[in-house]
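Single-letter residue listing:
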Amino acid sequence: MAASDISITPIKRADITGESAWWCVGCGDFGVNSAVQQVIMSLVNESNVPLENMFALSGIGCSSKEPDMLRVNAYQGQHGRSLPVAIGVAIGNPSLKVLDFGGDGDTYAIGMEHFMHSIIRNVNITLIIMNNQVYGLTKGQASPTAHGGLTTISTPEGKKGRPVNPLRLAIAGGAAFVARGVSWQRNELVDIIHQAVNTNGFSLVDVFSPCVTYHREPGIRGSGPIFDWYRENYVLDIKDAWEGMRNQVFTDEERAQLPAEYDPTSPEAALNGLRLISEASKIGREVTGILLKDDSQPTMAENLGVSADRPPALADVSVENNIAGYHDLLASMR
Amino acid sequence: MAASDISITPIKRADITGESAWWCVGCGDFGVNSAVQQVIMSLVNESNVPLENMFALSGIGCSSKEPDMLRVNAYQGQHGRSLPVAIGVAIGNPSLKVLDFGGDGDTYAIGMEHFMHSIIRNVNITLIIMNNQVYGLTKGQASPTAHGGLTTISTPEGKKGRPVNPLRLAIAGGAAFVARGVSWQRNELVDIIHQAVNTNGFSLVDVFSPCVTYHREPGIRGSGPIFDWYRENYVLDIKDAWEGMRNQVFTDEERAQLPAEYDPTSPEAALNGLRLISEASKIGREVTGILLKDDSQPTMAENLGVSADRPPALADVSVENNIAGYHDLLASMR
Amino acid sequence: MAGFQIYGAGRAGDGTQTNIQILGQALKDQGAWTFMWSNEIYSNIQTRDTGFALRASDTPIFGPDDEFDIMEAFDAGAYSDEANEGRIPPITKIKTGGVFLYDSSVRLDYPNTSHEIHIERLAEIVEAKKLRVFGIPMGEMNKAAGAVHVVRGTIAVGAIAQMAGIDKNAILKRYAEAFGAGSNVYEINVKALESGIEFAKNEGWDLPDLKLKLTPIANDGRQIINGDEAAAAGAIVAGCRVYAGYPITPASEVLEYMAENINRFGGAMIQADSEMAAAHHVIGAALSGARSMTATSGPGFDLMQEAISAAGITETPMVIVLCTRGGPATGLPTRQGQEELNEAIFGSHGDFARIVLAASEPEDCFYVMEHIFNLAERYQCPTFLIIDQMLAQSSYTVPELDPSGFVVDRGKLLSPEQFAERYNGNGKTFKRYELTDDGISYRAFPGTPGVTNYYSNTNEHTEDGYLSEEEVVRQQQMDKRFFQRMDLIRADPQLPQPRYYGDSSAKIGFISYGGTYGPIREAVERLGEAGTKAKFMELRTMWPLNAEQAKAFIDSCDVVYVPEYSAGAQLRGLIQREVTGPSPKLKSMLRYNGRNMTPGWITSRVEEAKVGS
Amino acid sequence: MAGFQIYGAGRAGDGTQTNIQILGQALKDQGAWTFMWSNEIYSNIQTRDTGFALRASDTPIFGPDDEFDIMEAFDAGAYSDEANEGRIPPITKIKTGGVFLYDSSVRLDYPNTSHEIHIERLAEIVEAKKLRVFGIPMGEMNKAAGAVHVVRGTIAVGAIAQMAGIDKNAILKRYAEAFGAGSNVYEINVKALESGIEFAKNEGWDLPDLKLKLTPIANDGRQIINGDEAAAAGAIVAGCRVYAGYPITPASEVLEYMAENINRFGGAMIQADSEMAAAHHVIGAALSGARSMTATSGPGFDLMQEAISAAGITETPMVIVLCTRGGPATGLPTRQGQEELNEAIFGSHGDFARIVLAASEPEDCFYVMEHIFNLAERYQCPTFLIIDQMLAQSSYTVPELDPSGFVVDRGKLLSPEQFAERYNGNGKTFKRYELTDDGISYRAFPGTPGVTNYYSNTNEHTEDGYLSEEEVVRQQQMDKRFFQRMDLIRADPQLPQPRYYGDSSAKIGFISYGGTYGPIREAVERLGEAGTKAKFMELRTMWPLNAEQAKAFIDSCDVVYVPEYSAGAQLRGLIQREVTGPSPKLKSMLRYNGRNMTPGWITSRVEEAKVGS
Ligand SMILES: Cc1ncc(C[n+]2csc(CCOP(=O)(O)OP(=O)(O)O)c2C)c(N)n1
Ligand SMILES: Cc1ncc(C[n+]2csc(CCOP(=O)(O)OP(=O)(O)O)c2C)c(N)n1
Ligand code: SF4
Ligand code: SF4
Ligand SMILES: [Mg+2]
Ligand SMILES: [Mg+2]
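Read top to bottom, the protein sequences are chains V, G, P and L. Under my numbering, think of the first position of the first sequence as 1, with each following residue one higher. Under my numbering, think of the first position of the second sequence as 1, with each following residue one higher. Under my numbering, think of the first position of the third sequence as 1, with each following residue one higher. Under my numbering, think of the first position of the fourth sequence as 1, with each following residue one higher.
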């Protein structure tokens, strides 16, 4: 089918697959791409979202090659700057489903301004970060999420100083949806991304997506082992985290007040999530799972008075049809 | 005395006062300036900090005119960019006491990247923000801290969307010191700034410093009344906030666990502070006081291996004295 | 041409500006052409000296004149550099025989407190300039009437109206508009105005030489508008539906205009977090299919450089109104400057097509927006309009602006129907960067049927937008995007053409752009009247510069003056690059102290050059 | 000049690069001059085709030659555009009669799996180019020896060593250095090397035409270094003690070098959050008194524009090494480009003094850092060094670099002692922007005695740094900071002077800058040898451009070619602006496909032009 034929459901993976692969064999990003494609297929095939309405964006980095791996409407932009472009798209036409892809350098270093403001403005997009602790594309310098001690070409003595914790910032900023996925658990990741896309407002899905080429832990080389390192040394499932915190941090009375399962939709989720992150970090771990889901806040488009039914991109700009309004406009300046 | 004579304590206010005043009569910034001068005098006169070691920076804005109001080593930079310059100064010579001044537009809009990263890197400086909810210098557009509904020239229908909450972000980012002052309570403000300067690491002092010219609340005009509006409708002292939260939010058992007074140095301060901010916001209030003080983390200078005793600015750069090292350096590339 | 020029010398917050503005509006209603500007506006908000000025004439005018006929002095800042900061007091700018109308109250109120005027201290300059001095105890009159200090200006307006024969009712109409007829503020102003008129009448004051013969206009639609507003209004009429910007002098008025107006037409105004964000919002909105733009000035423009480069390689239409001011860095943020031409044309990394236009007065700002948007979409490239601070922020009287002639030409942007017709069912595949015969690829609206692979990429890319580094691909895209595109642009008849003024046989020429237009045009006229033939080429398309046209003009002259507000002589550099090389024929006239040029500033430099040669 | 050029055609991750590098190092130890570069390096990390190349010569060389004498082919990417993406396979670049040495294994391992070489498929080109083909089953030999796939390259090195007569021990020494003598990896490589030697010996292969007569150097200090490393090392020797940067190709090597080395000398390397932050860190560090710098490329340079303007008005020394690449936007991020000259000279808003230098090979990069820092501090202004991707990232053999001659001249930066002497006890007051006779104001070290009012301001300011908008103040500061400063800079004898090559009586000239130097110099020599006299002016100070020198050179020519890596002909534009205007004498030679120029690429264009005329 010519891609420009009116899209006919059901679409297959091949229909939304780009022309070549740009990642090292074994790179975690493949897992993310696969999950993303699955979500797109499900949106189109099951939720009747027209493929025409998908819009993918990215910055620059290995992770930002994601639009090259897809075949959807897309923009691959400048390093760190995909979010403000995504805002333009989402406001220009609020009927578009905007997926923004980035790396940990892209979004949490140089893109920090936009990251925080996009959250606070609650623009209705889903941001998917392939977090690998390094600048992959520029050959392995430490990124802001590199853990303390990580040795890279830019931190020959091991990284000093604290990493950026995106989940904490997103919760503090008031994101509508905050989750951490891992690239090697496809089904969970699909579920997370799916929920993110279906949340009205700003959704962050930070995914641990290991760089098998430049992320080097002492004694570990290659693809498989770095995944193991993550599994064994770094991540902590939110269920376990909650369980552990309930049991270890709280008194019996307090525990009685706490639900047995972590609930990302509870009004306490923001504070509980932050607390979980802190507790996990005390044992050097990072929480995975859905931390927060709250789409009670108006989106940026709503605040600006535009909507899928009133998209600026499709506003009538013919002079004829607007002439009365234009005359009014000018009459006020005399 | 010629300012370049070796400074002799005690210094007087006039010694550290600039050439003219750049603010509207009644502007809150005068209160901040006065407190800052008092802190400088106390540092110099009582704590034996040489006046030579003070370094003030700012961006652009009414608030950023602060260095023009002082007479100390200083840099008035670009809008939103004083923090990265401050980092350069603080790393170039860690013996300098760096005070950075900014506005809410300056630091929380365009300067957001640097705000978050300066916090996370824990650079040893004190950031003092004159928060007035508007862009004063450009004549009154809404700033990121403008409260919902505020009418300004850029929000003729009232501001829509959430304000940036700098305290929440600073706590989430891991600042060493986080406080909110108000410009009309000089003594408290002096105390806060003093503590901030004496904290090793990144200190944020966000000060409500009303713009008497452009911050317009319905039915309120001029200098006095806008201060009253803040007092009566907007701020909530941390003591009262804590008291209120203890009594209203917690069960009796929980309350028993909580200290009677808010303690910014407790290990729970970060989470308690965030909780206080949330509770206050539910009644449309902003907490004032010291929320957090924790200087346990290494500073950026420490992480980079420089210090007051080993300042790059004063490193010996003579070729003669370094020649052996230079030869080694070059010998490695053959 | 008959007219006069008034300077209101007061203090920020004392109402000087409002009253002068009202006087100007009333004069316009009476048939005058006016120009109103801040002559002394400090980039800070405080109760310090300000000067707001008004020029009125019986023919159209586009800038200030050299000296002032009347000065309204509301405090001592009018004649004295009180703070000893090197300030040149405005009184020096009254012309010989001019009028000094001042508040003779012994004590003034806030914000003029302690800046009372001591008339005896100006004896020397009054003598030297043979000033006509009129004192009115405005502050005291206010107090007696129980009115507020800020209406002192209204008293002054009344006195001037009386002396210069301006219709009282015309003025009252404007006060009514400003404050609401019948409101308390209005009534206070009416009384003040009347007391001013009375005072002057009682004293028998008269200024026969300043009486303009005007024909009141029965609402012929003439507008009072500044360059920013005109550009913003023009943008809306041209179909701009997403505006993203960050406040900055002298561009904030564009943002504020959009905040007020764009939503009514189905658009959105995004007050961005920074200019960097704003520029990328503009790209995003353009990708969604909206006509979008931003406006900024120097420091903000610096922050947009990367986005501009992205728009360049992704072939995204991007409209920027660049309001220039005195630099570098923060520089002189509220004052005149044209130091951003270089950056507009040569900033950003990489070679890509771009278009840089300039406007010279608000009418031009308004109408050029039609072309800006059409050019940006026709050639899918960054397109800038440069306007300088004087033009951006001064209020001009211009003929009624007519939106009806605007043509919206979206170039090769396919409507959903066109898209369907072109691609659906015939096996053809849409390719964002297709190599077409005419060298321009199609755009489309994502979200409309069939548009599923609209891929824009800041990496070098294949025809369908995928990253590629192959030399053949690169060469083709570069040739299309840069060489072929610039050739098309050069040949486009909608590129604003230069305008010529003065005597075409003259051997003295001027080349310039932007707000220098008014002063130069008048200078050329005055030179002509004084027997020195001169002519003026006003450039409107700065890039690509039409070298043949410029060469023809320069060749026809013995000397070509290049007046500009730039120490770096950026315009002259451009002419050298594109037309002449370093040439003794080109003579710079540089003004880089933040102050406006006036006709006399220019003519005197021609005289000097003559004496020198 | 005798020498040869080898191309290693493999796949990212298969060890091609390492082995070629080791061969190059060994050749250098044997007395050769080498040049090593990535000929095909994609801006992505994956197992796709890469090409790493080595040129060796018995005289110094500064760039690639046209064609390859030897190709090591590790998989089918060497001869085929497998993915059908428009890629031109490297085999097309072997010279007639050249050598094709390939892995003849039937199956290859990761990352070359499924890209096995089918030699029969190249019959045509082998025939046409009369290639000498040598197949070694490298993969199979590895497997048999239980070694790893990546040492196939070592086998190839062995075979080449045998055929071209390169000393085995010289090579082993470099493997020992790379992997540690006696280590397991080392031993595997030794075996592989030997097996390659044996194989070739057994087959009786020989390449007598490629045997270089070299005199092994007994450690004469000759270095193998790329432009980035040379600039970074030069910066440290020049006293740079704060480096702030953000990774970006082709400048990351500067950052990495600083990360490794600056702290030992009491300095700090700040890996910034962005280039914007980095540039401001540089300003801050300079204010503290440290020599500081950053390095970046196009997109990062865009982000520094505002900071540059701030350095301009605050008179803060700011050193930027600008490593250029193919643009616009992301463009061709790992490939050759010189599209940032315009932005370096004309970017940033406002008029201020700046200095833009260029270097042409690593030795130049190293030594010019002495002057960059001295100039930046002497004139207290932004100072840039432009180096292009080829120069930044290719490894050159250069004579031993000597730090001992560096002079650190900090201009009017007062040491604590000098400050005390000048100001203390005599009632004189330090003023940061004092109007001095020589037009340069003093700097000082905050934190040292007496320095209590060191105030830098991005607003226009008085002599002591306070904000001022007064016209007199503005005029004085602008005259000092811009006009006077540029005059001083122009007259400075330490501005790198142009270098001239070739026959000074020639009428064919070349003007260029940067890494085009090597290819042009060779082209000029070859033209000369072929009887066409030519000469070359290598510009090293791009701004301020010395127009007299350029004019003299151009006047002495009938035609001047301007080779550059820019579709926009940015260098030519600069020459037009400063020297000639549009001139038929100037002929652009533009290469903008991301590939390096070679001598033959240039000479053939001269020939074409001749034929054409
Ligand atoms: C303004 C700018 N600065 C720097 C670069 C160079 N650059 C390209 S990708 C990248 C970092 C990539 O790291 P990350 O975002 O973590 O993505 P990853 O490659 O790890 O997926 C950098 C620094 C650039 N392209 N633009
Ligand atoms: C890059 C840039 N953008 C915009 C401006 C214009 N500008 C000057 S001050 C200011 C805002 C000031 O607001 P804030 O920081 O809150 O300070 P305040 O004046 O309220 O104290 C702006 C937008 C600028 N100088 N530079
Ligand atoms: S370098 Fe790392 S992040 Fe990039 S593609 Fe390879 S494995 Fe993935
Ligand atoms: S405008 Fe507002 S913030 Fe600025 S000086 Fe006046 S009162 Fe203060
Ligand atoms: Mg990464
Ligand atoms: Mg503010």
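Everything labelled a hint here was simulated from the structure, so no lab data went into it. Please note that a few of the clues may not be correct.
Unchecked claim - Simulated crosslink set (BS3-like; lysine-lysine; CA at most 25 Å straight-line):
1) K12/G x K587/L
2) K551/P x K587/L
3) K551/L x K12/G
4) K587/P x K551/L
5) K428/P x K12/V
6) K168/P x K129/P
7) K585/L x K585/P
Just pull the numbers of the violated hints for me, sorted ascending. Hints 1, 3 and 6 contradicted; others consistent.
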